[in-house]
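> In case you want the letters, here they are:
Number of protein chains: 4
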Amino acid sequence: MATKDQSDDQLGRARVRDNAELQAYYEELAKHDTAALWTVANDIEPWHPTPASDAIIWRHKDLRPHILAALDLVSPEAAGRRVIYLRNPKRHEVSAACGWLFSGIQVMRPGESAPAHNHAASALRFIMEGAGAYTVVDGHRLSLGARDFVITPNGAWHEHGVAEDGAVSMWQDGLDIPLTNALEANFYEVHPDDYQNSNTPMDASPATYGAPGLLPAKESWGAHYSPLMKYGWDQTYEGLQNYARVSDGDPFDGIIMRFTNPLTGGHPMATMGAQIQMLRPGEHTKAHRHTGNVIYHVAKGAGHSVIGGVRFDWREKDIFCVPPWIWHEHANESASEDACLFSFNDFPVMEKLHFYREQAYAENGGHQQITSTA
Amino acid sequence: MATKDQSDDQLGRARVRDNAELQAYYEELAKHDTAALWTVANDIEPWHPTPASDAIIWRHKDLRPHILAALDLVSPEAAGRRVIYLRNPKRHEVSAACGWLFSGIQVMRPGESAPAHNHAASALRFIMEGAGAYTVVDGHRLSLGARDFVITPNGAWHEHGVAEDGAVSMWQDGLDIPLTNALEANFYEVHPDDYQNSNTPMDASPATYGAPGLLPAKESWGAHYSPLMKYGWDQTYEGLQNYARVSDGDPFDGIIMRFTNPLTGGHPMATMGAQIQMLRPGEHTKAHRHTGNVIYHVAKGAGHSVIGGVRFDWREKDIFCVPPWIWHEHANESASEDACLFSFNDFPVMEKLHFYREQAYAENGGHQQITSTA
Amino acid sequence: MATKDQSDDQLGRARVRDNAELQAYYEELAKHDTAALWTVANDIEPWHPTPASDAIIWRHKDLRPHILAALDLVSPEAAGRRVIYLRNPKRHEVSAACGWLFSGIQVMRPGESAPAHNHAASALRFIMEGAGAYTVVDGHRLSLGARDFVITPNGAWHEHGVAEDGAVSMWQDGLDIPLTNALEANFYEVHPDDYQNSNTPMDASPATYGAPGLLPAKESWGAHYSPLMKYGWDQTYEGLQNYARVSDGDPFDGIIMRFTNPLTGGHPMATMGAQIQMLRPGEHTKAHRHTGNVIYHVAKGAGHSVIGGVRFDWREKDIFCVPPWIWHEHANESASEDACLFSFNDFPVMEKLHFYREQAYAENGGHQQITSTA
Amino acid sequence: MATKDQSDDQLGRARVRDNAELQAYYEELAKHDTAALWTVANDIEPWHPTPASDAIIWRHKDLRPHILAALDLVSPEAAGRRVIYLRNPKRHEVSAACGWLFSGIQVMRPGESAPAHNHAASALRFIMEGAGAYTVVDGHRLSLGARDFVITPNGAWHEHGVAEDGAVSMWQDGLDIPLTNALEANFYEVHPDDYQNSNTPMDASPATYGAPGLLPAKESWGAHYSPLMKYGWDQTYEGLQNYARVSDGDPFDGIIMRFTNPLTGGHPMATMGAQIQMLRPGEHTKAHRHTGNVIYHVAKGAGHSVIGGVRFDWREKDIFCVPPWIWHEHANESASEDACLFSFNDFPVMEKLHFYREQAYAENGGHQQITSTA
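Sequences listed follow chains P, B, L and C, in order.
Position in the first sequence (from 1) plus 42 gives the number in the numbering used here.
Position in the second sequence (from 1) plus 42 gives the number in the numbering used here.
Position in the third sequence (from 1) plus 42 gives the number in the numbering used here.
Position in the fourth sequence (from 1) plus 42 gives the number in the numbering used here.
Heads up, some of the hints might be wrong.
Interface residues of chain C toward chain P, partial, derived using beta-carbon atoms under 7 Å [unchecked claim]:
no., residue
1, 243
2, 249
3, 250
4, 252
5, 257
6, 260
7, 270
8, 287
9, 300
10, 305
11, 306
Simulated from the structure, these hints should not be mistaken for laboratory data.
Given the structure is predicted, the values throughout are model-derived calculations rather than measurements.
Glycine included, C-beta positions come from ideal geometry on N, C-alpha and C.
Could you build the full structure based on these sequences and the hints that come with them?
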């Protein structure tokens, strides 16, 4: 079936010419809390999405001193959580890093702890550095090592801290707070006892649910989110390497895997997904675009991405975002080392609501023309 | 577990006092597209949702003359669709009737037709009056009778018209256009042939999928939405009456049923649900509140609802909305006639994203104090 | 991919020639409760199934006097249930009508009742005649009218009776007792109070769950089986007629619909499915074969089926069976009246265990040569 | 609700006394392929299952010489597969090891290969010894190391062999051939090219699908069975040890995990499940019984099980079975070494058909009286 041009001057689009009679009519309609659809139809029914966020990179070397400065400026008890958040220039109003996703960097020093609370927004962590950090999620105690990925689902009590004999610890937080607020569904509670006082064995969740192709035969789990709450970096990186040995990789994303709820094979949480991908030495992927927001964290290596024609060079611990329906491609600049990108997204929302679409960049061998450098 | 008071002046909330050093720090952060979470935390993590829309009623007697006026002011070909939409005072920016839901009233005269298009937003219709109206959804031809409920799912080609020998026809449209736009996922296409030119038997969908407890044994259906695309009023009303004979009804909603996809028992479409409820003569339900937006259409009878303490009197063909987390209760004022409310909602979104919450009004025997009348 | 001939004298089949040394070896193996696979491999891994049951017809005119005779010979209290069961000549050992399916005809006179019990086997009823008959399934009271279809799922308490002012009532029972026994999973309980003493409204189940495309919005249902427990004939027959108006029908089965659990779209019970099909005047379907057993009950009209080359003429209330992987086709002999076949089957077992296969008869225009008449 | 005694002499059971009139009646019924239900009701509706198989142990030291003898007696080409199967004394007729499960021990020498075929029955392997063995399942090449668990699902082409430089290799096969035959659903095909000639990388399946909590983000998999086809022993044993560190274990089974399809969290195949369990030094579990058949293979260590009051002592590579609804408990006799039991079962059938039931042994502290030793 042939596709028509995307012109607003054709049958099937609103093409009403304004006149005085219509103006009077519109004023009358407004008095009754109504309006004529054809005055807004072409705006609210666009041919395709136009991104509401900027593509942007937050470089760790720029942010690090300011994040550390917070250690002396506020306590976790006063701040609730000591987090510097990433603020997209186009999304100040909703405190988002990209689209409806929030992200920030949390920093704690040894002996500190932040009190327990829960909210309808879901959260995840990707650990950047430190020693002795831990989180407690609905009573499940989890240690936080570098590049570990940890979830804090919708409604789960959670608190964080660093052991007395640990080191200053830092991690990226990702939350769907803006989405939860936009959908008018956010709720917040502080823990009646301030802290959960859990005595369960540390890291029981990955010990129970983190064996490949195996699940405990007789544990019951009624929650809608993953019982595997921590995905350790060593196993994740080993998984990438194993997969790379037998796969050509995806043209747009190289060796890419998604974190799963092992009970279902689906996303770990209801609203956010997470992925880890490896760009092999010298690999330069082709461009594509899709609905859904993605926030990347450079877990390992150095390279660049081209997003909407703009080149973003990145290295370890840098964070950047790709808004919906923008062409993007990734390149590992090293000829000898792999580069790994952790990312989180709102793909579960896109998939469940049947809003996911994807398109390959057809021209120029699949590569965009670079128009500028960030 | 005891619940703590919802005060922002306690451990677990942001309680940082401003000072000059912090001000300087915030300015520095802003230069790097960052900010301190504790400056916004209590705002973006509220104790509970605050409605972003007004509760409002659109009375048919007020709207009707203006809707009919459109017949002479614009043609369907020029307008795309001849629709007067309902504009919530707080949601002008996104053209919504309530929350992220759009609604309007479409009117067509005999012999008119609106061309075929599709969009990622989903649509539904509740027929108000007329004769000879029809819609064609992905080639399925459906006749539109008074109080019938018809769906037009995400991505399905659709067009509407009224037969030459019909009458002026009017129906309420409901769409998730604002949601689809907010999620940056809207796409639009006009049909390459302007119209679908389908010759399938009229109303084959309900004839095939509309028998109670029966499905065609050998038809295949790959779509994510319901193959039953039209829910005729006669069967719907009979279903309510049958259910009423054996049920005490729900304390908050009386005799209430949801429209389903008979292949799954779930909602007919991915993003919007619909319900029909009957308030028996003299019935006055108790108040509750829940997440999710609901737009009601009075299908039959007369009564009133109390929404957030405000009394809204309604009669047939009136439309009103209940925003999220607002107390509401309904009353049938007749001692002899039942009253029926058709409604559509974004509950599928709330449920799939695990955002649905509900609470009963505990005080005063479950009834709100009326503070004003709309 | 070319398919090889089904000869046992080829690579991939057991072709070991016997000799004295092997005979001695086999005797030694037997001492240790072992044997050589190749001695049985071709038998236990056949090229395709060979039916374990005979195709057979039970004609109502032959059975009726004997069924009625039981009224005077035994009481329901002494018999448990007054049922004459259909005994396949090849399945005497497991008391099956076909494969692992049991079927019988139950008869009760006014004022009689059979006490409540439950079993792991599932049951269904297709009502043949009478007045005032009822069943009580897990407290749900259901009236039994001619040609109604009613379920009694695995584990549900059930009892039957006929009102004092009713008439002698007769229905076909279908159960998976042989399957349940073969899988060593049958359990039986008699009700501690002999009868359930339920006071719920009669036929509340179809009143609540039997509206097309509608489900009660707020009822909870935790069971694995259908909450719709009775499928009334009037609605079923109307559904067939509606579907026939817009469908060409299936080449092998005409206008065929399956009974469903409206909460899931799946089969009403875990192990047995049921279907209703209409052969239009003069319709003669093509032959096919499939795995799974089917027991047919002629609900309306007269015609014949050709099963494995044998012609079976049938009329109303006759019962016949089609064992797995046997060619079969159906014909309505009337030029003016439709013919309707109710049937039940073990398709849920075939589907869940991924054992369902189907094949069309390719030769002779899709029709078998008739070799004999039953 | 009080439970009644399980006596056949009560209301709710068949209690018809025989007499001459009834005898004549039964003879008349038999002429019409019918019979009276009450003559068999108590037999076909038992209070609970009675096992159709014997509990039995096959000790490796007894079987091993006979299995090796087969190497010289038949070739894989002539035998199809060189397998000595385990024959339950009560199940000779259906060639089953227990219930409807087949099991055998396959043995191959270096350089041998068995040709490719497929069947509707599902298969699994648990490797006992050897070097250089491999299997090819629907083109996926898998190496077979000691104690690895490998699946060959319903309908998948498969072939086995041992490399020229390998060693004599031996593994246990488990299949549901008896079930597939009982359900009249078995089909068999030999490969048109005798062998699959696959060049895919060895062990690509576990490299792709065997990372904990990770799945390839962009692979598609349409089959109903697990894409993870090999569960390597090292990871499995590590999983058991990790789980043991944080769990008290199940009272009836110690540290027990089930093998899963990582795409769904369910069983790897449609009809058979598999588990691995660790009995910690000195652990003696309590007795329980359940529906479903289980065939155990001692993967590691030594101990005993008490099954139906009979003590079965076992050591590595011994195989034993537990038929349905028989009390059983397990004991590790070592005070220092753990013992591991691999097992496979028909639990997927029990679960899907809603036939699974379980009961704890209430008396004597949960331990049976030992009445004899096998």
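> Against this structure, judge whether each hint is valid.
Going down the list of hints, with the structure as the test:
{"no.": "1", "hint": "243", "verdict": "holds, 4 Å"}
{"no.": "2", "hint": "249", "verdict": "holds, 4 Å"}
{"no.": "3", "hint": "250", "verdict": "holds, 6 Å"}
{"no.": "4", "hint": "252", "verdict": "holds, 5 Å"}
{"no.": "5", "hint": "257", "verdict": "holds, 5 Å"}
{"no.": "6", "hint": "260", "verdict": "holds, 5 Å"}
{"no.": "7", "hint": "270", "verdict": "holds, 5 Å"}
{"no.": "8", "hint": "287", "verdict": "holds, 6 Å"}
{"no.": "9", "hint": "300", "verdict": "holds, 4 Å"}
{"no.": "10", "hint": "305", "verdict": "holds, 4 Å"}
{"no.": "11", "hint": "306", "verdict": "holds, 5 Å"}
Hint compliance for this structure: every hint is met.
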